[in-house]
Structure formats: C-alpha cells, structure tokens
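All chains should be modelled from the sequences, with the hints used to inform the complete structure.
Protein sequences appear in the order of chains A and B. So for the first sequence, UniProt numbering puts the first residue at 1; every next one is plus one. So for the second sequence, UniProt numbering puts the first residue at 1; every next one is plus one.
Hints are not guaranteed to be accurate.
[Claimed, not checked] Listed next, the in silico DSSO-like pairs over lysine-lysine satisfying Cα-Cα at most 27 Å (straight line): (1) B/Lys311 with A/Lys184; (2) A/Lys296 with B/Lys151; (3) B/Lys191 with B/Lys311; (4) A/Lys184 with A/Lys344; (5) A/Lys151 with B/Lys220; (6) B/Lys184 with A/Lys311; (7) B/Lys103 with A/Lys151; (8) A/Lys96 with B/Lys311; (9) A/Lys72 with B/Lys104; (10) A/Lys72 with B/Lys311; (11) B/Lys326 with A/Lys220; (12) A/Lys311 with A/Lys296; (13) A/Lys311 with B/Lys151; (14) A/Lys209 with B/Lys184; (15) A/Lys104 with B/Lys103; (16) A/Lys209 with A/Lys58; (17) B/Lys220 with A/Lys311.
Read the hints as simulated data drawn from the structure, not as lab findings. Remember, it's a predicted structure, so these values are computed and weren't measured experimentally.
Protein chains: 2
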Amino acid sequence: MMKISSSAEATFLEQVFAKYDFSKEDSALLADTLVDADLRGISSHGIQRLAWYLNMIKEHIIEPKNKPIILKETPTSLLIDANQNMGHIASALAMKSLIEKTKKSVISVAVIRNSNHFGTAGYYSRMAAEAGLIGISNTNTRPLVVPTNSKDAFLGSNAFAFTFPADPHPFVFDGATSVVSGGKIQLLAKKGEQIPGEWAIDGDRGVVKDANAAEDILSKVAFTEEQPGGGVLTLGGNSEENSNYKGFGNSLVVELLTGILAQGSISADTNTGKHDFSQFFMAIDPSFFGDLEVLKGNVESMFDRIRNLDKLPGTQIMIPGDREYKRYDENKAHGVSIDDTTTKQLQDIATELNIQSPAAL
Amino acid sequence: MMKISSSAEATFLEQVFAKYDFSKEDSALLADTLVDADLRGISSHGIQRLAWYLNMIKEHIIEPKNKPIILKETPTSLLIDANQNMGHIASALAMKSLIEKTKKSVISVAVIRNSNHFGTAGYYSRMAAEAGLIGISNTNTRPLVVPTNSKDAFLGSNAFAFTFPADPHPFVFDGATSVVSGGKIQLLAKKGEQIPGEWAIDGDRGVVKDANAAEDILSKVAFTEEQPGGGVLTLGGNSEENSNYKGFGNSLVVELLTGILAQGSISADTNTGKHDFSQFFMAIDPSFFGDLEVLKGNVESMFDRIRNLDKLPGTQIMIPGDREYKRYDENKAHGVSIDDTTTKQLQDIATELNIQSPAAL
Numbered sequence: 001m002m003k004i005s006s007s008a009e010a011t012f013l014e015q016v017f018a019k020y021d022f023s024k025e026d027s028a029l030l031a032d033t034l035v036d037a038d039l040r041g042i043s044s045h046g047i048q049r050l051a052w053y054l055n056m057i058k059e060h061i062i063e064p065k066n067k068p069i070i071l072k073e074t075p076t077s078l079l080i081d082a083n084q085n086m087g088h089i090a091s092a093l094a095m096k097s098l099i100e101k102t103k104k105s106v107i108s109v110a111v112i113r114n115s116n117h118f119g120t121a122g123y124y125s126r127m128a129a130e131a132g133l134i135g136i137s138n139t140n141t142r143p144l145v146v147p148t149n150s151k152d153a154f155l156g157s158n159a160f161a162f163t164f165p166a167d168p169h170p171f172v173f174d175g176a177t178s179v180v181s182g183g184k185i186q187l188l189a190k191k192g193e194q195i196p197g198e199w200a201i202d203g204d205r206g207v208v209k210d211a212n213a214a215e216d217i218l219s220k221v222a223f224t225e226e227q228p229g230g231g232v233l234t235l236g237g238n239s240e241e242n243s244n245y246k247g248f249g250n251s252l253v254v255e256l257l258t259g260i261l262a263q264g265s266i267s268a269d270t271n272t273g274k275h276d277f278s279q280f281f282m283a284i285d286p287s288f289f290g291d292l293e294v295l296k297g298n299v300e301s302m303f304d305r306i307r308n309l310d311k312l313p314g315t316q317i318m319i320p321g322d323r324e325y326k327r328y329d330e331n332k333a334h335g336v337s338i339d340d341t342t343t344k345q346l347q348d349i350a351t352e353l354n355i356q357s358p359a360a361l
Numbered sequence: 001m002m003k004i005s006s007s008a009e010a011t012f013l014e015q016v017f018a019k020y021d022f023s024k025e026d027s028a029l030l031a032d033t034l035v036d037a038d039l040r041g042i043s044s045h046g047i048q049r050l051a052w053y054l055n056m057i058k059e060h061i062i063e064p065k066n067k068p069i070i071l072k073e074t075p076t077s078l079l080i081d082a083n084q085n086m087g088h089i090a091s092a093l094a095m096k097s098l099i100e101k102t103k104k105s106v107i108s109v110a111v112i113r114n115s116n117h118f119g120t121a122g123y124y125s126r127m128a129a130e131a132g133l134i135g136i137s138n139t140n141t142r143p144l145v146v147p148t149n150s151k152d153a154f155l156g157s158n159a160f161a162f163t164f165p166a167d168p169h170p171f172v173f174d175g176a177t178s179v180v181s182g183g184k185i186q187l188l189a190k191k192g193e194q195i196p197g198e199w200a201i202d203g204d205r206g207v208v209k210d211a212n213a214a215e216d217i218l219s220k221v222a223f224t225e226e227q228p229g230g231g232v233l234t235l236g237g238n239s240e241e242n243s244n245y246k247g248f249g250n251s252l253v254v255e256l257l258t259g260i261l262a263q264g265s266i267s268a269d270t271n272t273g274k275h276d277f278s279q280f281f282m283a284i285d286p287s288f289f290g291d292l293e294v295l296k297g298n299v300e301s302m303f304d305r306i307r308n309l310d311k312l313p314g315t316q317i318m319i320p321g322d323r324e325y326k327r328y329d330e331n332k333a334h335g336v337s338i339d340d341t342t343t344k345q346l347q348d349i350a351t352e353l354n355i356q357s358p359a360a361l
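Structure (structure tokens):
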C-alpha cells in the first residue's frame, strides 16, 4: 500500500493517456474521472482500472482516436454514438450538452450507444448538480445479476446515479442497482474474507459466503462463454419474501433505458468480445419548480432531521453522498491509497512508456 | 367475499362520486382508477379505499369541487396545484398534458403540489405506455419507512412506477420503494398471519413477525403524533450488510422529486392533518432513439429470454407487469373480489346515498 497525491496521480494519468493516443482534452478528462473516483474512496473505479483499460486499447475494444458522433439532436434530446472510444468521453460530452439544453428547456435526455465502461455513474450526474440541476446517469454492464427465481446471471449490475443540488454538497446516490457491485465481492476476495450478507449465489441459488468462490463464478459468467450458473443477487436478497423482484425491476429499468433504448447490446450479450455498453443521462432544472436556494435549504433541513433521528447505538445515519465527500476532503489533503498490485502495474506502465511513475508520499 | 362485475363496480362508483359533488368527468376518472386497480388485483388500491376517501371528503381533507390550477407551464414542463382535490384528478391532467408535450419535445416533466392520495402510481405511467411513451410516476406518502440505522419512521413508502412500451402488454414496474407497502402488512394483519420476511421493525430495530403487532406500529407512526418507533424497512432489509442503504437512497430519490421539488410537505410531516402529498411525472418518447416497433420487438425478445432462463423447480420468472395483466384478463371475465368489510361499507354508502349497491355475480 502506498499513498500518492491526487495531483501526481492526475499528471501521471494524463501522460499515460496521451501516450496511448488520446487527445490532450480527452486525456485530461479520463485522468480526472479516475482521480475523482480515488478521491471519493471508490477505488474500484480509480487508477486500479488503468491496466485493464490499456489492455482493452491494445485489443482494439477501445479506440482512443475515435470521436463521438452526434447521430440526432433536438433542443431537449441527444442520441450519440460513442464510436467505441472510452465511455467517459461521450458521457461527459452528453452531460455538458444536457446542462445547456436543460437551462433553456427545464429537462433533457441523452442516450449513448456503441460505448465502453464510463467510470462512476456519479461523475456525470454530479456535473449536473454543480450546475444547479438534478442529474441522472445510467449504464448497463457485463452480465452478473440473477433475476428472481432464475439460476443464471442475465442482467448487468446496471449503475444508477441520481444527484440533487444541496449544501454543503449535493445529494449523490450512486451505485449498482444489484445488492452489491461485482467490485465489492472482488475486493473481499483479494483480502480472502467471507461475504457478510446475501450477495452471491451458485448455480442452485445457494448463497455463497466465500468471496473467492463467488469471484470465481462472476469471472466466468461475466467474461466467458462458460456459464456455470449463479451470480450476484438483486437488491432484496435470495428469497422472494424480501421483495427481491423489486431489485429485479430496478435492474430491468436500467436495462431498458440503456441497451434497449440505445439499440446496443443488452448486458446478457456483453460477456465476450467488445463491451458495447449503452448509457442514459438526464438533467432537470429544479429552479422551474421553486427558488433554487429555498429548495436547497429544504433539502438540507430534511437531511439534518434524518441524520438526527434516534439511532442504533454506535451507528450513524449517513445521507447518500456524505461518506464520499468526507473521504474526498481527507484524500485531497493526505493523498489517495494505491494497493500493491496496482503500484506494480503503474511501475510497469511507466517503464513501458518511458515516463515517471507517481511518487509515494 | 363476493364477486361483482367491473362494469357494475364502475357504475356504482360513478354514482357515488357524483353524489359527493365531483364533476361527471372527474367521477368517471375516479371510478376508472379504482376499477382498474381491482381488475389488476391491486385491491389495496381499489374500491376498498372508497369509505376512506369519503371520510376525507367529509373532513375537508379532499375538496371535490376544486379544480387543479396550472401554476407554470412550458412546452416541456408543468407545475400544478391539485387544489386539495383527489390526487387522481391533477395526476391524469398532468399525464395527458405530458403525452402531448412529449410527442413534440421527446421528454417532459410535471410536478404536483397540494395533492392527496392518487391511487396506483402505475395508472398514470400506463397512460404514457398506451401512447407509445416511457412513463414515470412518483408520489410521497404518510411516514412509514425507517432509514438505515434509524429507529424512527421518516420516509414514505414512496411509490415509483415505470412503464416501457412492449407487446403483448407494456412493462409495468409499480410499487412502494420500501421493502413492502403498508397495505401488504395490513392484509396479513387482517388474516392474522405472520410476516414471512424482514418487513417491519419495532422501536429497537427488532424485526416484527406478527402482522398485527406491525400494523399497530404503522397505524401510530403514519397517522398520529404518537411515535413509538419502528416502521417498514427499506428494500435490503434490516441490516446494512444487505445494502439497505440502497433502498434508503431509492426512497430519498422519490422524496426529493415529490415533497421537496413541489415545496409541499415531506412524508415525515403528513402523519396528522391534511395529506398534502406531492407527485412527480415524466414521459419520454422512445421513437426519438429508434423505431418503436423495433424497440418493442427487442424488449419482448429480452423478456422471453429472461422468462426462459433455468429456474428454481416449481417457480416462474415473472417480468414486472406479467402478473397484473394476467389478473386483469381473469377479473374482467369473472368479476373482481370484494372482501366482507368492504361489502358492508358499500351497502352503507348505497343506503346513505339512496342508490343501488353493486349486485353480487
């Protein structure tokens, strides 16, 4: 484990992406999305993804020189072809445009097809929040998630991010629609730990507690033709009696708004070959409905009442976003943590490209 | 238990609402929303609510002669004051307008304040689906739902409905964002049954299995100043380890889009006095992104693949909407079921208004 400053991380990443033929502007954006994830403590979506991205470039799954193509556009809507470049690039383009459109039209919507992984969903909806707007961001993913009563993974972990302007920071609800993301299981597997709850099942819908066993299932169902059965559960757990069909419904909503609406691949068809993910974005101007400062005050007052509810001893009530903004400030001041595997990967990448790897703090 | 034909139910309801000073058009709409819920097997939102609605009229919580007021309007947006009439009236007005707006502008949004209960969320999003559009419908409710780690109810069961055009019927995902609705617990309490899963907790976050004990908690937290603690859990159950903070986040999203955006009451403040609920609606035109028939074909093909996945013995994989459309056809043919308490209430209402109560089949 080492710590590096977020500015050193950004400088290094910009150099790497530039060497891999991304434009200066795209390199800066990609670096910012990864640094932003690390600062927020979402390290599963930070610099540890770099080697994976670079491999996909080498395999021509990602094409760094391609520019996104706007296929259709109206004052309230956009259909974009990401042109097989990083999902981040078309997504930031889409949200920038939606912010302009929404300030004129109260609401607007964008769909992206032919895309790749786009980092954290929250990055784009936070762009809207910073402009005083409500932001929504969705992506489909590789197939990991098992529908209610099914033995086989079919749905993606299908991220959903929703932001609402508030002080001292926006409300940011950002994560997989499934009970957990695949990355959370991967993290426990790396540490050799047990899964604490009902997160993953085997091919007979038996709950899998060993994170390595679960990770073994996920690596097959999400990335290969081999389908042993099992995968990640929908929110609501293994049994219908805790309404896991509601988690199933939430995952399907994202599938419909992404792969279906974009006419890209559905998650089930992305386990081999190119990613071909699709993304969905929306922005709404709350100031049409009321004065923005009044609305923000009402939000803050509601959140404070929730934080101060009577609670279980030794616990806190955290509003979505609280934790990541706290970590952001800490990591900005004290640096972001890089695990040993990633440290080694960064050194290899630096050597290959003849640049300096980021210095430990 | 008796069965009545849905047409007899509609005729009776139209007469009742007309006697209570609703306009002919509003009476027909209100009757249709209740009959529709009964036909779909959502009896918690059907004719069994009639006595409750009529009581609220007598108490001037609902004002039948008031007309909704459009406070602000653009080609893509609406802000409506329901003027303390039934939520159904302003909601149907909003969705009718959004359908027109969305056919011209790809997307549009409406918010309603100063409203009451609006029936099933799905009624309005299905209006969009029938017009070939994606529909979204939300409402906040009385406070029932306990945030992660909290001992006290604060959030509403906060309904979310999402529809997407498909054949032979649209995708309809419609329900409380909490693990279950209050109505589901009420139903078990009436039958004296145990709660099968983690649905409700007491003031120490202990899971309550006795439906009558749970119902007793809910009737206090949702309708009185008395706050014994406890309530309905968020989707994800009692413990953080199964990601109940995701269910909490989903509930908060609805709270932000309704009570906050409308500048009405938040759910926490509706336990006494007038309802003052708020509603949020949206419609999106999928045909901007692709040919509607192609999209519908892709949806149906995805759903068929899901339905045919390897499954647990003795189970089915149901797509949201499947169950309610099946019940709709059955109940249309064979009549809707009315429980004994409701049958008695309908007879009393008929006597009071000097009209015929619906005849048993």
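Looking back at the hints listed earlier, which ones does the structure fail to meet?
3, 5, 7, 8, 10, 11, 14, 16
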